[in-house]
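Colleague: The primary structure of each chain is shown beneath.
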Amino acid sequence: MKPLTPKRLAWICGTLGGALLLVMAISLKFGATPVSLTELLVNLWRVAVGTIAEIPSEHQMFVFELRLPRILLGVLVGAALSVAGAGFQALLRNPLADPYVLGVSSGAALGAILSLILAANRPLAMPLAAFAGAAVTIAAVYFLGRRSGEIDSYTLLLGGIITASFLSGVIMFLMTTLSGRDLRGIAFWLMGDLSSPAPVAAGWLFAVLGLAIGAIYTTAADLNLLLSGEQEAMHLGVDVPRVKLVVYLGASVLTGLAVSVSGAIGYVGLLVPHVMRMLFGSDYRVLIPTSALGGAIVIVAADTLARTIVSPTQLPVGAMTAIAGAPTFLYLLRRRLP
Amino acid sequence: MSAPQNVMEPPARLAWGEVRLSVEQASYAYGAGGERQAPLFTLGATSFQARQRELVAVLGPNASGKSTLLRLLAGSAKPLSGRVLLDGFETSAMDPRTRARRIAMVQQETSLLFPVRAWEYVLQGRHPYGHGLRFETPEDCAIAENALAQLGATHLADRPMHEISGGEKQRVILARALAQQPLLLLLDEPTLHLDLGAQVELLRQLRRLAEENRYTVVVVTHELNLAAEFADQVVLLHRGKCLRVGAPAEVYHPEFLTQVYGADLEVETSSRGIPRVIVRGGPRGGGELPRMES
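These protein sequence lines map, in sequence, to chains B and C. Under my numbering, the residues of the first sequence are numbered 1 to 338, in order. Under my numbering, the residues of the second sequence are numbered 339 to 632, in order.
Derived from the structure by calculation, the hints contain no laboratory data. Even for Gly, the Cβ is constructed at its ideal location relative to N, Cα and C. Take every hint as true, because none was put in to throw you off.
With the Cβ distance kept under 10 Å, some of the chain C side facing chain B (calculated, not the full set):
(1) T436
(2) V444
(3) Q445
(4) P466
(5) E474
(6) L524
Here are the simulated DMTMM-like pairs of lysine to aspartate or glutamate, each with C-alpha atoms no more than 25 Å apart in a straight line:
(7) B:K2 - C:D496
(8) B:K29 - B:E54
(9) C:K416 - B:E150
(10) B:K7 - C:D496
(11) B:K2 - B:D283
Make a model of the complete structure from these sequences and hints.
Modeller: What follows is the structure, given as structure tokens:
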């Protein structure tokens, strides 16, 4: 009997945190313009000790103005989508739940596009609309997935897939109203892309990310019990309606946040929590922080591949995650569901 | 035959101590989705009392209201009228944590979404005692180990729940309920998927736990003979009405059971005064059901 201790949790998170820093450093090195390792380390040291002026201007542009913001955006999106996926899996009691599969990402995308059409110049409109789109969609899918009062795995997934396809139709319709220049950007963004010049410098994105993940994390011990069913959780002292509300709002915020900065990147919320379960067990007290860190690692790594694999052409990162994620989904579908 | 009467006198085999569980004219109705519509199912006013160390069996055919009664006892449903008191406190008015420290419920089916080991499952029973992220203390682990030991399931601790047999799983599930250190232990058809030997073993364990841990145990079951052997009193429900409450010998009358269950049943009494229900062959004898008006 080896229960989880704060020390063990700190070790696991510390190790993954180290791995994330390593992946970020590797991602800084690779790109259309290669940077030597020595050069990179010297310049990172210069940043650390505050002598940024000594960094060559060309290097500063490639590494710190183009690649670093994109990497930070990857960290944000990966963490948000993975924790949202883990949250939806517990909330809906479905191991295949994921913001993309359930159509929640499409809902957020529809909200974001509506805000572009209706309120183009308001900076906060897009993330708020994306959140609203995510929240409305998950509520709709939740009710579509119920059969005689109980959540049914297959009905839920089908409901999600049909909702996603319906929302994609609406998005296509709305896109015809846009001009050609906007159209290409939005089409690329819809596939899931980190190259858009998002306001990463705005710390509030990370603040919202931290708040939403933190809120979900406060319910981690309750989520372990919710996996056995709502009645069981209630009999073990879980305030089920409160926990469901926190996870529902938190996961919707995270999906809205990710989609508003990077479009609909698929399967991360499915892939990452499952890998973390295989590595560290299914305890949500470990799963939520490891999913956040693991998601960040996966997106940063996938985006580095997307930037370099057919360099100088850049692929949308959503294409990379879909190539890896769809087979995983099929594997889990055949193995896990009764 | 005269209509069955509600027998409200205390049972013949009195257990020790004060009344712990008191069900006072508790009733319930499942709505059809609107107040104007007629309810889909109603459980009529039910009353009985149980002391500590007492084992109560709730009996009745399918759809007689057994699980509904259990939900009222567990406090997960609020009675439409009447009340359910545990040590003087209404179970439906307790906050979830307090309730989970006093009442443990073993459900009919348990489904696990992701694999967990038996010890992790048993430690879930300590959830209502923790705070925040609920890192388990050495005391929690000792209580969980003790619960597994009490049920002879220590060797299962490291086994994944989905790999152990039905009888073993039942012991681990029961160990989780023990880890809650409850006053009242409720079980919804715990013998459902067990073979006869495992059923007897389970009831024997429940009897022993009631004595050793001073629990009040309420078991919903279809096993009339096991209930007669192990229960201090039985509550017989039929079509949402509480027909009789009392010691098995008081409730088990052949004509009465034949009509309730719609099968030709006989009752014999053993030398220890315990009734035995025997199924007779031939056509079903349930032509006429008892009139519920008492």
